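S.K.: Since chain R is already given, all that's left is putting chain C on it; use the hints.
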Amino acid sequence: MTNRETPDPRPKSEDLIALRARLDAAQTKHEEPTAKGRQNDGRILGQAWRMSTELVVSVMVGLGLGYGFDHLVGTTPWGLLVGLGLGFTAGIKTVLISADKMAQQNAGVPIGDDMPDDIEDE
Amino acid sequence: MATDPMQQFEIKEKGDLFEIAGQTISFSNSALWMIVSGILIVGFFALTLRGKLIPGRLQSMGELSYQFIADMIRDTTGPEAMKFLPFVFTLFFFILAANLIGMNPYAFTTTSHLAVTVTLAVMTIGVVIVAGIWKNGLSWFKIFAPSGLPAIMYIIIVPIEVISFIARPITLAVRLFANMVAGHVMLKLFAIFAAFLVAKGGAFVGAAILPIFGIMGIAALEFLVAALQAFVFAILTCIYLNDVYHVHH
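Taken in sequence, the protein lines are chains R and C. Once you know that position 4 of the first sequence is 4 in the working numbering, the rest is easy, because the numbers rise by one and skip nothing. Once you know that position 27 of the second sequence is 27 in the working numbering, the rest is easy, because the numbers rise by one and skip nothing.
One chain only, chain R, in its complex shape (with noise of 0.2 Å):
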C-alpha cells in the first residue's frame, strides 16, 4: 500500500470504481477522435495525389506514345489521337482499379467480383 507506483488493482470503494469509469469514458472520448481523424486527413490527401497524377500521366504516356508512332511510321495524326484515347482509358481504369481498392480498404467490404455471397444474393 506504501508504494504508489504500481497502481492498486482492487479500488477501495463504489466512489473509485465510478471515477475509474468516468475517467476512462473522458480519456477515448478525448483521444481517439483525433488521433483517427489526423491520420485520415493524411490518408485522403495521398489518395488524392496519386488518382490525379495517374490519370494525367496515363493520357500523357499515351499521347507521347501515339506521338512516337506517329514520328517512326509517318501517320500523323492518327497515333496521336489513337494514343490520346488510350492513354485516357489507361488512365480511367488505373483510378477506378485504385479507387475499388481505397473502399476496400476503407470499408472492409470487398468490391466487384468478390462481393460475399450474401449480399451478391439480394
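Hints in this document: simulated from the structure, not taken from any laboratory. Source: prediction; values computed, not measured. We put the CB at the ideal spot given by N, CA and C, even for glycine. Hints are supplied without guarantee of correctness; some may be wrong.
Said to hold, decoys possible - A short list of chain R residues far from chain C (calculated; beta carbon distances all over 10 Å): (1) L16; (2) A18; (3) A21; (4) P77.
What the hints assert, rightly or not - Below, in silico cross-link-like pairs of lysine-lysine (BS3-like), each with a Cα-Cα straight-line distance of 27 Å or less: (5) K188(C) x K12(C); (6) K101(R) x K83(C); (7) K188(C) x K14(C); (8) K188(C) x K101(R); (9) K142(C) x K101(R); (10) K83(C) x K135(C).
To be verified - Below, a sample of chain C positions facing chain R; criterion: calculated Cβ distance under 10 Å: (11) M61; (12) L64; (13) Y66; (14) M72; (15) D75; (16) E161; (17) V162; (18) L172; (19) R175; (20) L224; (21) I235; (22) L236.
M.R.: For chain C alone, coordinates are given in the frame of chain R:
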C-alpha cells in the same frame, strides 16, 4: 536577399570527381545532402539498435519503424514479398529523410529534382520487372494480357495495360518531385513577400504578419506532405510488387 523562388533548387558543384566519356562527374550540393540523409538514417538506426528484450524508448522507435514497413508489405503484397523489405525500407527512409532535411533552412531538398526521383522510380519499376521475369520467366508478360477475353479485345487491352505500366514510374517520380517543388516555392514566395513588406517600411511592416502566418501554416502542411509522400512512394512500391507474385489477375 534572394528574390527568385527557384534559386533554392540550383545545383552547385562543389568539385569535380572524375570523367566518364567526356562528361565530368562533380560532387554537388545535392550529392552532399543525400550523403547527409544517408548518415542520419544509419545514425538513427545505430542509436536505436539496443537488442534489449524489453525495449526502451529509443529501441522501440527503431522497432516501430521496422514494424511499420513490415506490416505495409504484409498487408499490401503478402507475406511472400517480405524479401523486398530491405528495398522498401531503404526507399521509405531515404525519401523521408531527404524530405525532412529539405525542410531545414540552408539545406538542399534532393527530392526536388526530377533526376533524383526518376532514378528512384526507375529503380523501383526495374526491381518489379527483373524480379517478375526471374520468378515467372517469360510468362510474366501475361500481366499485360489478362486471360479470358475474346481475341479481338487484346488489340485494345494490351496497349492500355502497357500504357498504365509505363505510367507507373512516371507517376511515382512526378508526384514526389512536384510536391516538394510546389511546397518549397510556396514557402519562398510567402517569405519574399514578407521581406518586401518589411523593406517598404511604415504601415507595411505590420502587414507582414499576414504572410508570416501563411508561412507557418504552409510549413506545417509541408511536414505532413514530406512524410506523406515517402509513405505514398513506399506503399505504391508494395502495390507494384504485387505484379511479381500475382501474374494472373
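S.K.: Would the hint on Y66(C) stand, with a C-beta cut-off of 10 Å toward chain R?
M.R.: The hint is violated - Y66(C) has no Cβ within 10 Å of chain R, the shortest such distance being about 20 Å.
S.K.: Beyond 10 Å from every Cβ of chain C: is that where the Cβ of L16(R) lies?
M.R.: holds (30 Å)
S.K.: For a C-alpha distance cap of 27 Å, please report whether K101(R) and K83(C) respect it.
M.R.: Judged against 27 Å, a Cα distance of about 24 Å means the pair holds.
S.K.: Please verify that hint: L172(C), Cβ, nearest Cβ of chain R, below 10 Å or not.
M.R.: holds (9 Å)
S.K.: Could you check if L236(C) really has its C-beta closer than 10 Å to a C-beta on chain R?
M.R.: holds (7 Å)
S.K.: Given I235(C) was flagged as interface, is its beta-carbon under 10 Å from a beta-carbon of chain R?
M.R.: holds (8 Å)
S.K.: Within a Cα-Cα threshold of 27 Å, do K83(C) and K135(C) meet the stated pairing?
M.R.: holds (13 Å)
S.K.: Take the shortest C-beta to C-beta distance between M61(C) and chain R; is it under 10 Å?
M.R.: violated (18 Å)
S.K.: Under 10 Å is the threshold here; is the Cβ of M72(C) close enough to any Cβ of chain R for the hint to stand?
M.R.: Cβ of M72(C) sits 12 Å from chain R, so the hint is violated.
S.K.: With a cut-off of 10 Å, does the beta carbon of L64(C) approach a beta carbon of chain R closely enough for the hint to hold?
M.R.: Since chain R brings no Cβ nearer than about 15 Å to L64(C), farther than 10 Å, the hint is violated.
S.K.: Holds or violated: is the Cβ of R175(C) closer than 10 Å to a Cβ in chain R?
M.R.: holds (5 Å)
S.K.: Under the criterion that the straight-line Cα-Cα distance not exceed 27 Å, is the pair K188(C), K12(C) satisfied?
M.R.: holds (19 Å)
The structure does not agree with the numbered hints 8, 11, 12, 13, 14 stated previously, though it agrees with the rest.
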